[in-house]
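Under the numbering used here, the residue at position 182 of the sequence shown is numbered 182, and the numbers go up by one with no gaps.
Because the hints were derived from the structure by calculation, they are not lab data. Treat the numbers as computed from the prediction; the structure is a model and nothing was measured. You can trust all of the hints, since none of them are fake.
EDC-like, lysine to aspartate or glutamate: derived pairs with alpha carbons at most 20 Å apart: (1) K161 with E126; (2) K127 with D264; (3) K259 with E237; (4) K127 with E237; (5) K83 with E37; (6) K259 with E126; (7) K92 with D8; (8) K262 with E232; (9) K92 with E73; (10) K92 with D21; (11) K229 with D134; (12) K92 with E37; (13) K92 with D46; (14) K127 with E232; (15) K262 with E237; (16) K127 with D167.
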Amino acid sequence: MFLVYNSDVLSENEFRLSENDRAFQYGDGLFETIRYENGRVWYWPDHFARLTAGMAALQFNQPEGFNTETVFEGIQQLLSANKLINQPARIKIQVWRQSGGLYTPSSNHAYTLITARAGHAFSITEKSLVGIYDAFRLTQSPVSAFKTLNALPYVLAGLYKQQHAIDDVILLDTNGNLAECLASNLFWYSNQTLLTPSLQTGCINGIVRQQLLRLAPSIGIAVAEGAYKPAELVHAEAVFCVNVMGIQSMRQISGLSLKGRKADFTTDPLLNALFTQLQR
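Assemble the whole structure, with the sequences as input and the hints as a guide.
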């Protein structure tokens with residue numbers, strides 16, 4: 001397999017990180033996970049906009065020639081080198097600060113790395129049992145909306161999921177409000193309204209989250225972002241999480257009785273129309 005490191009195509013065996021690399025030492029960087037399917041890099045402008053906004057928040061200097069066109073060309077080159085052009089793929093872009101300094105960096109220049117692996121088609125699946133993880137609560141910060149290389153809250157939440165043999169977890173913010181799921185944004189549907197936690201909870205500003213909030217009003221679904229307690233989900237007609245790889249409906253949440261659950265993306269005409277819009 002090949003990768004693109006600072007615009008150079010290398011084999012995986014050629015790629016090396018030094019022991020004082022800031023991604024390794026401090027998690028001083030960002031990443032984007034992108035879906036490639038049907039010959040298309042999905043939501044590319046939104047991914048690049050979020051990545052560059054995160055770089056600005058971390059005060060990175062953009063590498064010379066780092067723009068939407070050149071990075072996109074690197075992705076296409078990599079897909080071809082890894083023989084992924086004709087199948088779904090999962091692309092990851094990582095950007096981190098160059099080596100030097102301790103907590104205080106000696107440079108704001110950045111390294112970039114693009115990888116691509118075989119993926120799967122965007123789909124609707126179901127999570128049978130989801131838990132609520134509140135041992136590590138999220139809070140809004142200057143970088144909370146971005147995908148940073150410091151992912152310890154999600155690692156701990158993943159361990160909780162594994163230890164309790166459940167399909168996913170919902171994370172809370174410091175006020176006990178719903179925030180997001182382990183690797184996706186949380187939504188629920190009620191009375192023709194799509195609801196989701198606001199970015200003030202510390203959740204990631206997910207790319208498919210952005211698409212749903214933009215598309216829903218065009219097909220007659222109202223949208224609402226806010227601070228909501230877990231009990232808000234009890235009477236929801238549908239509860240689900242979304243990321244660039246798909247939509248995952250929730251059948252059961254530990255400690256909550258989903259009494260109102262009656263809709264899904266195949267039977268509800270508005271939700272089905274929303275799913276169709278996401279595929280265009």
